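**Student:** Residue strings, one per chain:
There are 2 protein chains.
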Amino acid sequence: MNAVPLADRIAAGDPRAIARAISIIEDEAPGAADLARGIFARTGRAYLLGVTGPPGAGKSTLVDRLVAELRRAGRSIGVIAVDPTSPFTGGAILGDRVRMQAHASDPDVFIRSMATRGHLGGLARATGEAALVLDAAGKDLIIIETVGVGQDEVDIVRTADISIVVMVPGAGDDVQALKAGIMEIADIFAVNKADREGADRTVAAIDSVLALQTFAPGAWRPPVVKTEATTGRGVAELLAEVERFREHARPAAGSRQRVRAEFRLREILQRRFMQHIEHTVLDPGELDGIVDEISARRLDPYSAADMIVRRTLRKYTV
Amino acid sequence: MNAVPLADRIAAGDPRAIARAISIIEDEAPGAADLARGIFARTGRAYLLGVTGPPGAGKSTLVDRLVAELRRAGRSIGVIAVDPTSPFTGGAILGDRVRMQAHASDPDVFIRSMATRGHLGGLARATGEAALVLDAAGKDLIIIETVGVGQDEVDIVRTADISIVVMVPGAGDDVQALKAGIMEIADIFAVNKADREGADRTVAAIDSVLALQTFAPGAWRPPVVKTEATTGRGVAELLAEVERFREHARPAAGSRQRVRAEFRLREILQRRFMQHIEHTVLDPGELDGIVDEISARRLDPYSAADMIVRRTLRKYTV
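Residue numbers (this note's numbering), protein chains in the order written: chain A, 1 to 318; chain B, 319 to 636.
Calculated directly from the structure, the hints in this document are not laboratory data.
None of the values given here were measured: they were computed from a predicted structure.
One or more hints might be untrue.
Chain B is faced by these chain A residues, among others (derived, beta-carbon under 7 Å) [what the hints assert, rightly or not]:
{"no.": "1", "residue": "ALA33"}
{"no.": "2", "residue": "GLY44"}
{"no.": "3", "residue": "ARG45"}
{"no.": "4", "residue": "PHE263"}
{"no.": "5", "residue": "LEU265"}
{"no.": "6", "residue": "PHE273"}
{"no.": "7", "residue": "VAL309"}
Idealized CB from N, CA, C, for every residue including glycine.
Given only the sequences and the hints, what does the whole structure look like? Please build it.
**Tutor:** See below:
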């Protein structure tokens, strides 16, 4: 046990304390709630930047470029890379190592990969809590990078302060890809690998979909920026658009904070009640038995839930 | 109000009753729980086939081919297409219309598109309940088609009896795509658009990743099938593999049923408690006030949850 409390070491920006805190929270180890409670008052200052897009769009390379550019501007950075791991390849661990090397000597950059699987309470919870730790550690900007167009990933990015959707030439040309849930969350589009054939066609395709929408006077119209993550071309323009959006959205900044607060509260409540039911209301093994009955169609899940709710609330009557 | 109860009309396979029941459940309209309870005992017979893969892989066309092939074999089919809708394009509705036409005259095919957004209680809940309705309606096979590599979509497909992951030439060549969370759920791989250049390379890439894994004697090794959904080539082979897997997995069929049962019970319980808290425990508007306090960092979400849990359980003591 360290003499200085973990929360204070996090606040001092100690990378080992940050790493340990994220692990504790990720694994829901004992003390996770107390730790999160302890750092919460120190959070709320960081700007959360979500980056999403299909696999192979070059998001990791683009995020590395963004980090380099932001470091030149003197900002401290946290990166949470949500890495869909396969049990075959162990993706997250490999990715972590490769990515850590580039910024290994820089104490103002903290990069953490998180596997999509195996989080108690879900990926969005683990990501949100890791962002809290980095926020409490004083990072100016936290980049959350997710793969794909899944609802969970979209939710993660949606609760960020700004969302960048990364597309690649070819991928955006058919309506299929454009309607794939990501159009609606983009504050900025980055067409990466812009040196490839068809980049202008992809920009035009995005523009044509945006043209279908009417924007109220003064409303934000998502810009489309061409980038080449491998060379760094367009990255400064992308960050300029991020700054422009940040200024534009400043009056409404509180509403995304509020969405995050409500999401977090509901999530904690749901877990608390499930734990209470499993450990206090039901006898050991009873939940398994109920699931067996439902599985065999001898009991329906609605009646089972009624029974459990009744017992939970009655347990406390005299 | 129809004289015949909705549950009976569903059991008779009435398409309008099925459509209405899914809407009631999707919208959590009054009577949704009673309806689900009423049909539950009639479920558990259908085989659930999950189809997932990146946008643009040709999943919809492939599913249409599967439906046509299965109809020739005399099976009745339900299709739930999870359609990531953009508010710009109204994808789900458009897709629905186009797809319905092909099988419009066939009473033994029921196709329903579901948008990824706007479901009370989440997409996985809505999809699972829609599958229950189609199961109760006597469909032999229910195909659930989702886009992407998101955790939610993967969870939906994971609880199916069999999961087909659709890849396209080119997309599977880099490790990035292969590790994208979908390797681990595939019971069968379909490399679609197999007439395209690079199809064999994609098959080889999948095989090489599979080769990294050791399969226990008698364990299922996911086969890789080349398909051309536009011409129908390979679709019969794909269905033969589905049948082969079904036979192989028959001894363990109960375990996926059990996963679905537990998922459903937990999901219902969580919603019940949240509703109870919002409508009974807290005063009107109180939750909003708590969220405001958390958002302003005057209250942390863990202490807020403690307080709400205490009040919920105390409310019933004398």
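**Student:** All the hints need checking, so say for each whether the structure fits it.
**Tutor:** Each hint tested on the structure:
Against a cut-off of 7 Å between C-beta atoms, the interface hint on A/ALA33 holds, since the closest Cβ of chain B lies about 5 Å away. Using the Cβ-Cβ criterion of 7 Å, the hint placing A/GLY44 at the interface with chain B is satisfied: the shortest such distance is roughly 5 Å. The beta carbon of A/ARG45 comes no nearer than 10 Å to any beta carbon in chain B, farther than 7 Å, and the hint placing it at the interface is violated. Given the 7 Å rule on beta carbons, the hint for A/PHE263 is violated: about 9 Å separates it from the nearest Cβ of chain B.
A cut of 7 Å between beta carbons decides the hint on A/LEU265: the least distance to chain B is about 5 Å, and the hint holds. Interface restraint check for A/PHE273: the shortest CB-CB distance to chain B comes to about 5 Å, inside 7 Å, so the restraint holds. A least Cβ separation of about 5 Å between A/VAL309 and chain B falls short of the 7 Å threshold, and the interface hint therefore holds.
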